[in-house]
Amino acid sequence: MEEHLAVKLNKTIHQKARLGIMSILVASEEVEFNYLKEKLNLTDGNLSSHLSLLEKEKYITIKKKFVKKKPKTLCQITEKGRQAFEEYLENLEKIIRSLP
Amino acid sequence: MKEDERREALENIELIKELVLQTKKHVGSYGGGWISIIWGIFCLTGVAGQRLLITHGALVGVWWTVLTIIAGLGTYLVHKRHLKTEPIKLQNNYLRYFMRFWIPLILLGYTLATFIALLSILSDQYISIVILLVVSTGYIMIGLMFFRGILYMGIIGYVSSIICAILFLEFSDIILGSLFGVGLIITGLVINKQWKNT
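As you go down the protein sequences, you meet chains R and A in turn.
Every number in the working numbering is 926 more than the matching position in the first sequence, counting from 1.
Every number in the working numbering is 485 more than the matching position in the second sequence, counting from 1.
Chain R on its own, in the form it takes in the complex:
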């Protein structure tokens, strides 16, 4: 029996908020926590939990630093994350092409 194409989609990335995070990170080198929060319209707690999940999968790295005595949380996509995102995109395209 043919495997459903949707099954192949990476569940970690497929969730809307995490897909948004990955899309922003893939187009930049390093992004601040607050920028992601504002762009994706998420709460601190919500964004933190999504970031933790992506970090656990080693798709992103999170580091904290101080700029003018203010703490900043910076997120960066990893090579593994970039590959997973590209693979996810390919699978999305397959789904679209699979239907007439």
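Everything labelled a hint here was simulated from the structure, so no lab data went into it.
Don't be surprised by glycine CBs; every beta carbon is placed ideally from N, CA and C.
Take the hints with a grain of salt, since some may be wrong.
[Said to hold, decoys possible] Here are the in silico distance ranges between beta carbons for each label pair: (1) A:P589 / R:S974: 44 to 50 Å; (2) R:E981 / A:G534: 54 to 60 Å; (3) A:Q610 / R:K991: 30 to 36 Å; (4) R:E1005 / A:R492: 29 to 35 Å.
[Stated by the list, open to error] DSS-like, lysine-lysine: derived pairs with alpha carbons at most 25 Å apart: (5) R:K989 / A:K678; (6) R:K963 / A:K502; (7) R:K937 / A:K678; (8) A:K509 / R:K942; (9) A:K502 / R:K984; (10) R:K1006 / A:K678; (11) R:K994 / A:K565; (12) R:K991 / A:K678; (13) A:K565 / R:K998; (14) R:K963 / A:K509; (15) A:K565 / R:K991; (16) R:K984 / A:K678; (17) A:K509 / R:K1006; (18) A:K502 / R:K990; (19) A:K678 / R:K942; (20) R:K994 / A:K502; (21) A:K509 / R:K984; (22) A:K678 / R:K963; (23) A:K565 / R:K996; (24) R:K990 / R:K1006; (25) A:K565 / R:K995; (26) R:K965 / A:K502; (27) R:K989 / A:K509; (28) R:K991 / R:K963; (29) R:K963 / R:K994; (30) R:K1020 / A:K502; (31) R:K990 / A:K509; (32) A:K502 / R:K934.
Position chain A against the provided structure of chain R, taking the given hints into account.
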């Protein structure tokens, strides 16, 4: 079921496209507005100073060189400030890339101007024409590679430089300096406005 999958896939692709585009737009206009304004003021101040304070001679060269150093320093400071304060860092540091592109072009412009001044190949009045032709060439190259808007600015600059050389040589520095100066300031303001909306 398959139709739902496809609809969701299309929605996700739209979301990705929108976010990637927004991020790139934000990153692309990174400090560029202020830098454009600095160089616009450089053009206007340069021409005004050349006409009002210094009429001719080697001092004109010194005047423009000092202004170039000040504008270059301003560009560097804007770049440094944005690197510190911006919420997004660049993937392929566009600004550094542009600086690498513009510095050789500025040097080329100065070399040609020096040759014209020292060797008396052409009248000194052609110096501004030659420099602005070099700058316009830079705009056209960047426009062809990246941004369509800059390509049009390059074409306008190129055509107006040639028209000035043929018809208004005596006032070419005022006309072209003002045109480029005002053009750069307007471009800078537009970039800053777009950037605030991203």
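Comparing the hints with the structure gives:
no.: 1; hint: A:P589 / R:S974: 44 to 50 Å; in the structure: 46 Å, holds
no.: 2; hint: R:E981 / A:G534: 54 to 60 Å; in the structure: 55 Å, holds
no.: 3; hint: A:Q610 / R:K991: 30 to 36 Å; in the structure: 54 Å, violated
no.: 4; hint: R:E1005 / A:R492: 29 to 35 Å; in the structure: 32 Å, holds
no.: 5; hint: R:K989 / A:K678; in the structure: 31 Å, violated
no.: 6; hint: R:K963 / A:K502; in the structure: 18 Å, holds
no.: 7; hint: R:K937 / A:K678; in the structure: 38 Å, violated
no.: 8; hint: A:K509 / R:K942; in the structure: 20 Å, holds
no.: 9; hint: A:K502 / R:K984; in the structure: 23 Å, holds
no.: 10; hint: R:K1006 / A:K678; in the structure: 36 Å, violated
no.: 11; hint: R:K994 / A:K565; in the structure: 14 Å, holds
no.: 12; hint: R:K991 / A:K678; in the structure: 30 Å, violated
no.: 13; hint: A:K565 / R:K998; in the structure: 18 Å, holds
no.: 14; hint: R:K963 / A:K509; in the structure: 17 Å, holds
no.: 15; hint: A:K565 / R:K991; in the structure: 17 Å, holds
no.: 16; hint: R:K984 / A:K678; in the structure: 37 Å, violated
no.: 17; hint: A:K509 / R:K1006; in the structure: 21 Å, holds
no.: 18; hint: A:K502 / R:K990; in the structure: 29 Å, violated
no.: 19; hint: A:K678 / R:K942; in the structure: 29 Å, violated
no.: 20; hint: R:K994 / A:K502; in the structure: 34 Å, violated
no.: 21; hint: A:K509 / R:K984; in the structure: 24 Å, holds
no.: 22; hint: A:K678 / R:K963; in the structure: 22 Å, holds
no.: 23; hint: A:K565 / R:K996; in the structure: 18 Å, holds
no.: 24; hint: R:K990 / R:K1006; in the structure: 21 Å, holds
no.: 25; hint: A:K565 / R:K995; in the structure: 18 Å, holds
no.: 26; hint: R:K965 / A:K502; in the structure: 14 Å, holds
no.: 27; hint: R:K989 / A:K509; in the structure: 22 Å, holds
no.: 28; hint: R:K991 / R:K963; in the structure: 18 Å, holds
no.: 29; hint: R:K963 / R:K994; in the structure: 21 Å, holds
no.: 30; hint: R:K1020 / A:K502; in the structure: 17 Å, holds
no.: 31; hint: R:K990 / A:K509; in the structure: 24 Å, holds
no.: 32; hint: A:K502 / R:K934; in the structure: 21 Å, holds
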